[in-house]
Every structure is written in structure tokens, then in C-alpha cells.
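So the protein lines, in turn, are chains R and E.
Residue numbering for the first sequence follows the numbering used here, starting at 1 and increasing by one per position.
Residue numbering for the second sequence follows the numbering used here, starting at 1 and increasing by one per position.
It cannot be assumed that every hint is accurate.
To be verified - DEER-style ranges, computed between Cβ atoms:
hint, chain 1, residue 1, chain 2, residue 2, range
1, E, D514, R, D28, 33 to 43 Å
2, E, P252, R, L31, 49 to 59 Å
3, E, T247, R, D159, 28 to 38 Å
4, E, A256, R, D159, 33 to 43 Å
5, E, T495, R, S27, 30 to 40 Å
6, E, R386, R, L296, 51 to 61 Å
7, E, E328, R, N272, 51 to 61 Å
Just so you know, the hints here were simulated from the structure itself, not pulled from any lab data.
Even glycine gets a Cβ: it sits at the ideal position worked out from N, Cα and C.
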Amino acid sequence: MAEWDGSAFGGSESEIPSLLAENPFLSDDLLRQLMDVGEVDLLVGISSHKNGRTTSHALHALERSVQQHFTRQRAVIINACAEDQETGDDGAGQLRIVAQENSRSAKLAALRTIHQVNVDSSAPLSAGNALHTILAAADLLRARACAVLSPETAELAPDWIAKLLAPAYRDKFDFVAPLYARHKFQGLLARNLVYPMSRAVFGCGIRELYSDEWGFSGRLATVCLNQDVWNEEYIRVRPEAWMAISAIGSDFRCCQSFLGQKIQSTTSPGTNIVEVFRQAVGNLFWCIESRQSSWLESDRSEMAQTSGPDHELISEPTDLNRHRIFELFQSGVTELEPMLSSILDPETHAQIKSTLALEESKFRFGPELWVRTLYDFAASYHHAVINRDHLVQALAPLYRGMTFSFLIEHANSSAAEMEAGSDRLCGEFVRQKPYFMEKWKAMIEVKS
Amino acid sequence: MMGQPKEDRFAVAASGAPRYEDNSKRNGDSSLALQEDKLWFKDAVIYQLHVRTFCDSNADGIGDFAGLTQRLDYLQDLGITAIWLLPFYPSPLRDDGYDIADYVSVHPSYGTFEDFKTFLAAAHSRGIRLIVEMVLNHTSDQHPWFKEARSSRDNPKRDWYVWSDTDTRYKGVRIIFVDTETSNWTWDSISKSYYWHRFFNHQPDLNFDNPAVIEALWQVMQFWLNLGVDGFRFDAVPYLVEREGTTCENLPETHAIIQDIRKRLDLAYPGRILLAEANNWPADILAYFKDGKEFDAAFHFPLMPRMFMSVKLQDRKPIIDILEQMPEIPVGCQWCIFLRNHDELTLEMVTDIERDYMYDEYGVDKKMRLNQGIRRRLAPMMDNDRKQIELLNGLLMSMQGTPIVYYGDEIGMGDNLYLGDRNGVRTPMQWNGDRNGGFSTADPERLYSPVISNAVYGYQAINVDAQQRSGHSLLLWTKSLIKLRNIFHVFGRGTIQLLKPANHRILAYVRQWDQEIVLVVNNLSSSAQAVELDLRRFESYVPIEMFGRNLFPRIRDLPYLLTLGPYQFYWFQLRRL
Numbered sequence: 001m002a003e004w005d006g007s008a009f010g011g012s013e014s015e016i017p018s019l020l021a022e023n024p025f026l027s028d029d030l031l032r033q034l035m036d037v038g039e040v041d042l043l044v045g046i047s048s049h050k051n052g053r054t055t056s057h058a059l060h061a062l063e064r065s066v067q068q069h070f071t072r073q074r075a076v077i078i079n080a081c082a083e084d085q086e087t088g089d090d091g092a093g094q095l096r097i098v099a100q101e102n103s104r105s106a107k108l109a110a111l112r113t114i115h116q117v118n119v120d121s122s123a124p125l126s127a128g129n130a131l132h133t134i135l136a137a138a139d140l141l142r143a144r145a146c147a148v149l150s151p152e153t154a155e156l157a158p159d160w161i162a163k164l165l166a167p168a169y170r171d172k173f174d175f176v177a178p179l180y181a182r183h184k185f186q187g188l189l190a191r192n193l194v195y196p197m198s199r200a201v202f203g204c205g206i207r208e209l210y211s212d213e214w215g216f217s218g219r220l221a222t223v224c225l226n227q228d229v230w231n232e233e234y235i236r237v238r239p240e241a242w243m244a245i246s247a248i249g250s251d252f253r254c255c256q257s258f259l260g261q262k263i264q265s266t267t268s269p270g271t272n273i274v275e276v277f278r279q280a281v282g283n284l285f286w287c288i289e290s291r292q293s294s295w296l297e298s299d300r301s302e303m304a305q306t307s308g309p310d311h312e313l314i315s316e317p318t319d320l321n322r323h324r325i326f327e328l329f330q331s332g333v334t335e336l337e338p339m340l341s342s343i344l345d346p347e348t349h350a351q352i353k354s355t356l357a358l359e360e361s362k363f364r365f366g367p368e369l370w371v372r373t374l375y376d377f378a379a380s381y382h383h384a385v386i387n388r389d390h391l392v393q394a395l396a397p398l399y400r401g402m403t404f405s406f407l408i409e410h411a412n413s414s415a416a417e418m419e420a421g422s423d424r425l426c427g428e429f430v431r432q433k434p435y436f437m438e439k440w441k442a443m444i445e446v447k448s
Numbered sequence: 001m002m003g004q005p006k007e008d009r010f011a012v013a014a015s016g017a018p019r020y021e022d023n024s025k026r027n028g029d030s031s032l033a034l035q036e037d038k039l040w041f042k043d044a045v046i047y048q049l050h051v052r053t054f055c056d057s058n059a060d061g062i063g064d065f066a067g068l069t070q071r072l073d074y075l076q077d078l079g080i081t082a083i084w085l086l087p088f089y090p091s092p093l094r095d096d097g098y099d100i101a102d103y104v105s106v107h108p109s110y111g112t113f114e115d116f117k118t119f120l121a122a123a124h125s126r127g128i129r130l131i132v133e134m135v136l137n138h139t140s141d142q143h144p145w146f147k148e149a150r151s152s153r154d155n156p157k158r159d160w161y162v163w164s165d166t167d168t169r170y171k172g173v174r175i176i177f178v179d180t181e182t183s184n185w186t187w188d189s190i191s192k193s194y195y196w197h198r199f200f201n202h203q204p205d206l207n208f209d210n211p212a213v214i215e216a217l218w219q220v221m222q223f224w225l226n227l228g229v230d231g232f233r234f235d236a237v238p239y240l241v242e243r244e245g246t247t248c249e250n251l252p253e254t255h256a257i258i259q260d261i262r263k264r265l266d267l268a269y270p271g272r273i274l275l276a277e278a279n280n281w282p283a284d285i286l287a288y289f290k291d292g293k294e295f296d297a298a299f300h301f302p303l304m305p306r307m308f309m310s311v312k313l314q315d316r317k318p319i320i321d322i323l324e325q326m327p328e329i330p331v332g333c334q335w336c337i338f339l340r341n342h343d344e345l346t347l348e349m350v351t352d353i354e355r356d357y358m359y360d361e362y363g364v365d366k367k368m369r370l371n372q373g374i375r376r377r378l379a380p381m382m383d384n385d386r387k388q389i390e391l392l393n394g395l396l397m398s399m400q401g402t403p404i405v406y407y408g409d410e411i412g413m414g415d416n417l418y419l420g421d422r423n424g425v426r427t428p429m430q431w432n433g434d435r436n437g438g439f440s441t442a443d444p445e446r447l448y449s450p451v452i453s454n455a456v457y458g459y460q461a462i463n464v465d466a467q468q469r470s471g472h473s474l475l476l477w478t479k480s481l482i483k484l485r486n487i488f489h490v491f492g493r494g495t496i497q498l499l500k501p502a503n504h505r506i507l508a509y510v511r512q513w514d515q516e517i518v519l520v521v522n523n524l525s526s527s528a529q530a531v532e533l534d535l536r537r538f539e540s541y542v543p544i545e546m547f548g549r550n551l552f553p554r555i556r557d558l559p560y561l562l563t564l565g566p567y568q569f570y571w572f573q574l575r576r577l
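Produce the complete structure using the sequences and hints provided.
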């Protein structure tokens with residue numbers, strides 16, 4: 001297919017042909033709104049979930065960010081919202097009213113029109129559907145840099161948005177992951193599982209693969225848009241990690257941008273740890289499975305370039321029920337013993353069973369065992385002998401065990417000590433990768 | 001045009017003659033006809049020029065009134081109906097004539113007093129009115145008044161200017177010519193004191209707290225009014241009065257002086273107008289209309305840079321924002337719309353962000369910047385893009401107000417950045433491809449300014465003669481645009497209703513006056529655009545495209561779809577048929 005380059009006629013360069021015409025999922029109303037916007041430099045997508053107020057705050061922050069940091073750029077905000085079925089509250093309607101109240105002064109000061117496109121949908125839009133729409137809009141409008149935001153993030157600062165857009169717009173990065181200042185015991189799933197595992201497997205370390213806000217280039221948007229994944233369960237629920245992994249796997253330029261302290265909105269949906277675990281880990285395993293061609297032959301392991309601090313850990317005292325975590329580990333491992341025996345390598349399983357005998361005060365689930373456990377699970381996921389969803393859920397008690405051990409080990413650790421531990425864990429993943437590759441390929445031979 | 005059958009309107013205007021010429025034919029006296037219509041300025045198309053730049057009749061290298069008189073046929077043919085003349089009074093010419101040394105005479109370089117009178121009569125006979133400059137705020141330091149005032153502290157004229165023993169009075173007042181002046185005070189070594197000047201140091205400010213000054217200036221105005229001039233442009237009007245602890249701009253005392261002058265004018269010379277040069281934010285300019293008791297018209301400084309901004313941004317927002325901020329002006333008053341003039345394109349009344357943007361887009365070379373402005377002509381600013389130039393002229397002729405055309409812009413003249421100050425946009429008019437562009441038969445070295453002679457804008461390529469012979473030239477296009485505007489009262493007198501279609505690259509508005517309704521749609525973008533307009537208010541009307549007089553589909557209940565090419569604009573007359 002010949003590459004179309006509209007630059008000779010004043011349009012922006014497009015290196016990747018778009019197959020958007022094959023996917024008629026955009027409504028006529030949305031198309032009309034996009035038509036009126038035209039080509040843009042910046043596109044920011046936001047999905048509102050039953051809360052016009054937090055979304056209006058996000059919109060206000062967005063407009064201020066554009067006004068302050070991108071005064072000359074053409075910008076559009078894609079607002080994907082859904083009507084609350086229970087209350088009948090029309091999020092888009094509320095949104096417009098509140099947004100108008102807050103943004104009039106920002107708009108007056110802006111050099112250009114800051115467009116807002118509302119994706120009205122009577123049916124709830126999943127995260128994946130929302131992203132699909134946002135990517136389509138980015139492709140149609142030939143946006144150069146894009147970002148996705150969640151209104152669930154309270155205290156969304158205008159410069160956060162700039163930090164996500166600027167690397168893509170000015171420095172030509174294709175994927176911009178956020179970095180946050182977190183409490184040292186916050187985000188442990190990312191710290192102890194998702195980040196080190198993905199770094200070892202895919203070769204590029206991004207700390208926050210599952211985030212509520214991230215940035216990307218128009219080029220990456222077009223590539224992701226053209227993937228035939230939009231009906232996959234994991235994409236519908238948590239598409240951001242897949243997008244990051246797609247970027248890594250396709251040799252797009254990735255970076256991380258430090259934003260600040262992450263504060264979750266008090267109105268955000270309650271966190272069900274099991275569900276979060278299931279989505280995040282299931283998504284990761286699915287990505288490993290679906291993109292095996294990109295990592296099987298790769299042996300690199302590096303950290304994505306970072307803008308700002310690489311990390312920031314806050315060490316305020318926290319109230320965690322460690323005993324409960326330990327109990328859940330013990331009961332989970334005991335109950336799932338038959339399943340675990342079919343998932344884990346016998347040596348791994350034996351080591352885990354031996355930890356059951358340890359007293360709480362002497363319990364340890366070290367990095368070596370944890371990494372080996374994860375690789376066994378990932379390989380078994382690939383094998384798909386048991387239901388993959390059940391397999392992922394079966395990892396949860398083992399994760400609790402590792403977490404309990406981690407909390408004990410780092411109860412009084414400084415930020416530097418914790419980072420040293422994290423580096424050791426990453427190193428362990430890399431060290432055991434040949435083991436994983438062997439397991440994986442053995443599974444391939446079994447399957448074939 | 002009232003009472004005439006509508007179908008004759010286009011035919012009557014085919015000659016390019018302004019409407020009131022019909023009145024003169026009925027009355028047999030053009031001068032009387034010019035005076036009858038007190039709101040003539042609302043229908044006018046004003047042409048701004050400096051007599052020095054236009055045409056040299058005596059081969060001394062300087063344009064003069066005799067030469068200008070020779071070129072009145074050209075101006076009449078162009079369709080303009082009023083001339084605004086830059087200062088032609090005796091002056092040391094250190095500020096291109098705005099430093100006046102004698103208010104009631106003609107600079108000898110431009111001809112004699114009789115030449116001026118001949119020119120005025122000739123202009124009036126062609127239905128062209130004349131607006132002259134009235135520089136109230138200051139004189140040249142070579143003016144006899146100042147020479148007397150500085151001669152001693154006891155001189156009767158001492159108090160005609162603003163003096164101080166120190167340079168600390170009126171602290172904090174901004175300097176206007178920031179590129180050349182470091183203070184608003186200058187030490188006078190003769191009278192050993194400081195004098196106040198808001199502009200160049202050789203332009204001392206007159207003291208308007210002295211009634212004698214006001215009387216003297218009124219006598220100056222009477223002098224020219226008695227000769228028959230149709231109005232005055234008051235230069236630098238916000239700065240007349242100073243008061244401690246203020247910005248010394250737009251003070252109530254200044255307004256009181258203007259109102260006094262206006263009262264006298266209306267009493268003795270009805271129909272003559274006052275045009276304000278007040279480069280201020282909208283609310284401050286409104287004060288200069290004062291319910292019709294001060295100025296008849298004021299330059300639309302807030303709008304002007306934003307037209308350029310919108311075209312470059314390809315976004316109507318700057319224009320819409322400023323128009324929505326504009327207060328209503330009294331019914332008998334008028335905005336004067338302009339694109340470029342003899343000064344730098346001022347960026348004083350824009351935000352810092354907007355100024356930076358304008359510099360980066362239109363004044364990228366530092367030589368182009370002067371005094372918080374851009375000293376370029378229209379065509380070079382638009383990179384000689386014919387479509388953009390036409391679009392801007394379309395806006396000029398269709399927005400609410402009286403348009404002012406800067407001499408030479410009708411043929412797309414260029415500028416000379418290597419001339420100092422603002423002289424780069426004041427080069428000789430280019431009439432033909434002959435020596436000196438047909439401006440003068442003098443030796444080129446003798447010209448007051450070199451003629452533009454580069455490959456793009458040089459007189460060999462850009463001149464009136466060539467464009468009169470080319471059916472698709474900018475000159476003939478501008479002429480047809482002016483002719484079309486002159487047919488309708490709505491452009492000068494009508495209301496404006498902004499439409500805001502979803503496509504932000506389209507600037508659309510409806511002009512309405514009595515039964516005349518015109519829909520104007522402008523594509524500010526460099527690419528083709530589609531737009532849906534909500535015209536339900538005009539359901540069942542038929543749009544008639546005014547340039548080709550072609551019918552467009554009747555307006556219905558549904559959004560009215562139009563497509564426009566890059567930088568294209570439409571004028572539609574809406575008629576209920």
C-alpha cells in the first residue's frame with residue numbers, strides 16, 4: 001500500500017496508513033463533532049463516570065494546562081461519558097453546565113479555541129471502548145500528541161497534563177507513562193509484580209503500566225487503533241498496559257514522566273483488590289501471551305527514559321492489617337493446593353508449601369521464590385490447561401504471601417533501601433528469564 | 001437608494017459612483033449634497049494617504065497637492081469616498097509631519113495653499129470628502145509657540161506647554177516610543193527646566209489646562225473648516241491632560257475638552273466629523289463616544305490585530321472574543337476598521353501571549369518590530385498570498401464600521417525594512433513600470449524615499465498601470481469589492497449578529513439594516529471547509545451570492561450547509577422571494 005503523505009498540501013505527515021474506514025463504530029454525531037474540530041496538535045481523552053463534578057474539575061485543569069503550556073497549539077478534549085443507569089443522571093449534560101461555569105475565564109484567555117467533543121453514549125462505555133474512540137479521534141484528527149486522563153484522580157494539576165503531552169509533542173516520544181510520588185507501601189502490585197516482570201520480559205521498564213493517565217503519540221494511536229484486539233476482555237477493562245507493551249514491543253520510543261503525588265478521588269469506585277489483581281495480572285499475562293513474538297528473541301532489559309525524579313517514596317506511618325494478609329495467604333495456599341500443583345513447577349510448589357510451616361514472625365517469601373512462582377504461572381497461563389481466569393486468581397494468595405514478607409522486610413526501610421530491593425527484584429527476574437524461556441518454549445512444544 | 005426599485009440597485013452602482021452622487025445630480029450642487037447627510041461617514045470608504053507619497057508633479061522628488069489632484073480620477077474610479085490626509089503642514093519632518101511647526105499653512109514641499117484649495121475643490125467635485133489631521137497633543141519644538149515658551153519662564157506662552165523643574169512628576173507613566181525615548185521628560189537647556197512629551201523629545205506636549213491653548217487650537221480648526229474640510233482625525237487624543245497619580249491617559253479632563261470642541265463643531269459646522277485615534281481597550285474607547293457628545297468615529301484598534309491573528313491561527317476565536325467584549329456604541333457613532341496604516345501594526349492592546357504570537361508569525365525578523373508593533377505592509381505580512389489578502393479585505397469591507405484603505409494596499413505594495421522608523425511603509429506610490437514607478441520624473445536619488453524595487457514587490461511588477469490592464473489583478477478585484485460595498489447601506493449602517501457554527505475556522509455573521517440583510521461567511525483556514533449554519537431565523541429566504549448574483553438554495557429549517565475553499569468568503573444577500 002502506498003504511503004499517503006498529506007504534508008505537501010499543508011496536512012500533517014502520516015507514516016502509517018489507517019484502516020479506520022473498516023471499523024464503523026463511531027456515531028454520526030461524533031463524526032460531525034470531529035469534522036468541526038479539524039486537524040489538531042493535541043488531543044486529550046477523558047472518560048467520566050457518573051460524576052460531573054470531578055469531570056468538570058478535570059476539564060478545567062485541562063483547559064488551564066493548554067492555556068499555560070500549549071498556548072499556540074490546536075487542542076481538543078474528547079469527553080467520553082455514559083449515562084448513569086441508576087440515577088438517570090446525564091453525565092454529559094451536567095458536565096456541560098459545570099464545565100461552562102468553570103472554563104469561561106480560561107477560554108477567554110486562550111489564544112485558540114479549545115474544543116470539546118462529547119461522546120454521548122446511552123450504554124456504559126468501558127475503558128477499552130473509550131480508548132478505542134479516543135484513538136479513532138486521534139487518528140482522524142491527525143493529532144500529534146495525545147493523553148488519556150481519568151477524572152477519578154483528584155487534584156489533577158494542569159502541569160501533569162503538560163508533562164504527559166510535552167514528551168510526545170516536543171520530544172517525539174511515542175508512549176509517556178506517569179511516575180508518581182507514592183507511599184512506600186502503595187502500588188505494591190506494580191512494584192513487585194507488574195513492573196519487574198514486564199521489564200524483564202519485554203526489555204523496557206515502565207513502573208506504572210496500569211495508570212489512570214498516560215500520554216502517547218498520534219503514530220502510536222494509529223498503530224494501536226489498527227490492532228484487532230478491541231473485543232478482548234482485558235482490553236475492554238484495562239487497555240493502558242496493552243498500549244504501553246505494544247509501544248515497547250514495536251520499538252516505539254517510551255519514557256516516563258514524573259507527575260507528583262497521586263491522590264485518588266474520594267468518589268472513585270471502591271477498590272476490590274481481587275478484581276484489581278485479576279485485571280492487572282490477567283492483562284499482563286495476556287500481553288505476554290499475545291506479544292510473544294516481540295520478546296522471545298529479545299534479551300534487553302533497560303529502564304525507560306525518565307523526565308523528573310525516577311521515583312519518590314513517602315514514608316508516613318500506615319495502618320495495614322498484616323496478620324490478615326498472612327492468614328489469607330495461608331488459607332489460600334491450602335485451599336488451592338490441587339490447582340497450584342498443576343500450575344507450579346514441583347520444586348517451586350515444594351518451596352511454597354514449606355513456607356506454610358513458618359511462623360508469622362519468621363515468615364519469608366523471598367524474591368527468588370516469588371520470581372520463579374510468577375514465571376511458572378505465566379508459562380502455565382500460556383499452556384491454558386486450566387481456565388486462565390482461575391489461574392490468575394490462584395496467584396492472589398501467593399501474592400499476599402509475598403506482600404506480607406515484603407511488609408515485614410521493609411517496615412523500617414528508607415526509600416533508598418526499598419529502591420535497592422526493587423533493583424534486586426528486577427535483577428532476579430532477569431536472572432531467571434532463561435528458566436522462563438525454557439518453560440515457555442517447552443509449553444510451545446507441548447501445544448504443537 | 002431609498003425609493004428606487006430594488007432591481008436597479010446593482011445597475012446604478014455599476015458606475016462605481018457613491019450613492020450620494022445621485023443626490024447631487026438631483027440637486028445640481030455636489031458641495032451641498034455632501035453636506036446634507038450628517039452620517040456620510042458611516043457609508044464612506046476612506047483612503048488614507050500622505051500627500052508626499054502619492055504623486056510628484058514638479059519633479060522635486062516629493063509628492064505634492066498638484067500631483068494628488070491629478071490622481072483624483074484614479075481614486076474616484078477605485079470607489080473610495082473620502083480621503084484621510086496625513087499631516088501636510090510646515091514641519092521639520094522629524095516625525096513625518098506629526099511634529100507641526102505651523103498649523104495653518106501648507107508645507108512648501110507639498111505645494112502652495114492655493115494648490116491645497118484646488119485639490120479640495122476637485123475632490124469635492126468628485127464626491128470625495130477630506131479628513132485632515134489635527135495633532136492636538138503636541139507641536140514641533142520648532143513651532144513659534146514653543147520657541148516663545150522656552151525663551152524665558154516669564155514669556156506669555158510659557159504656560160502653553162508642560163514644564164517642571166524636575167523629571168519626577170507623573171512618575172510611572174509609560175513611554176510610548178520605547179525604542180527611542182527613555183523618559184517622558186526632556187531637559188531644555190534654554191529655559192533650564194524639563195518639558196513633558198509623550199512622544200519624541202522634539203514634540204513637546206501642549207498644556208490643556210490652559211484655556212488659551214484650547215482657544216488657539218479651535219481657531220486652527222476653524223481655519224480648515226472654513227475652507228471646507230469635512231473632518232478631523234485627532235491624533236494621540238488620550239494623552240491631552242496630565243494628572244499626578246494617574247496614567248495620564250483617558251482622563252475625565254481630556255474628555256471634557258473633546259466635548260467642548262464637539263459642541264462648538266456641531267453648532268457652527270454640522271456634518272463635519274471628529275475621528276479619534278485612541279489606541280485603548282474597548283471600555284476606554286467607548287468613553288470617547290460619550291453618547292455622541294465627543295467623537296463621531298474611532299479606530300477599531302482592538303479588532304485590527306485580531307483579524308491578523310485569526311487568519312494565522314485559522315481560528316475565529318480572537319475576533320469573536322473581542323467583538324463580544326465590545327460595548328454598544330451610540331447610534332450616531334461609528335467604528336473605523338483598518339488593516340494597516342502609516343504606523344507600525346500596534347500590539348499595545350493585546351495580551352503578552354498574543355503579542356509574542358504576532359511577533360513570531362508576522363515579525364519574525366527583528367527589523368520588522370518597532371515600538372511594540374510590526375512595521376510592515378499588508379502584502380508582505382501575508383507573504384503575498386492573494387487569497388489571504390482578499391480574505392482580509394473582505395473582512396475589512398464587511399465588518400461593522402467604516403473601512404479605511406491604506407494607500408498602495410489596493411495593489412499589494414511591499415515595504416522596505418531598511419528604512420528607519422516607520423518609513424518602510426511610506427514609500428512612493430507605484431503607478432507604472434517607468435522611472436521611479438511613475439511617482440516622479442526626478443532623478444531617483446532625489447526622491448524623498450527610494451521606491452520599492454525588489455523582484456517581488458518592486459514597481460516593475462506591482463503598479464497601478466499593470467493592474468489596470470490585467471482583468472484579474474488585485475486592484476480590479478479591490479475596486480469591485482468596494483463597488484459592491486457601496487451599493488448597500490447595510491455594511492456601513494447595519495447591525496452585526498455573530499453566528500457561531502461548530503466549525504471554528506469559519507467566521508460568519510449577519511449584517512442587517514432595514515430590509516437589507518447580508519450573510520457573510522469567511523473561511524479562515526488554508527484548507528477547504530464545510531460548515532452548517534443555523535439560519536432558521538431566515539427560513540424561506542433565498543441567499544443570493546453577491547459577487548456573481550447567483551441564487552443559492554432556499555433556507556429551510558435544517559442547518560444550511562456551505563462549503564468553502566481555502567480562505568474563501570461569501571457575501572449573500574438574503575431576500576424573501
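How the hints compare with the structure:
Checked against the given bound of 33 to 43 Å, the beta carbons of D514 (chain E) and D28 (chain R), roughly 41 Å apart, stay inside it. For the hinted restraint 49 to 59 Å between P252 (chain E) and L31 (chain R), the CB-CB distance of approximately 56 Å keeps it satisfied. The supplied range of 28 to 38 Å is met by T247 (chain E) and D159 (chain R), whose beta-carbon atoms lie about 35 Å from each other. Between A256 (chain E) and D159 (chain R) the beta carbon distance is about 50 Å. The supplied range of 33 to 43 Å is therefore violated.
As the Cβ distance of T495 (chain E) to S27 (chain R) is approximately 38 Å, the hint placing it in 30 to 40 Å holds. Between R386 (chain E) and L296 (chain R) the C-beta distance comes to about 60 Å, which sits within the given range of 51 to 61 Å. Under the hint 51 to 61 Å, the C-beta atoms of E328 (chain E) and N272 (chain R), about 60 Å apart, fit the expected range.
The structure fails to meet hint 4 from the earlier list, while all remaining hints are met.
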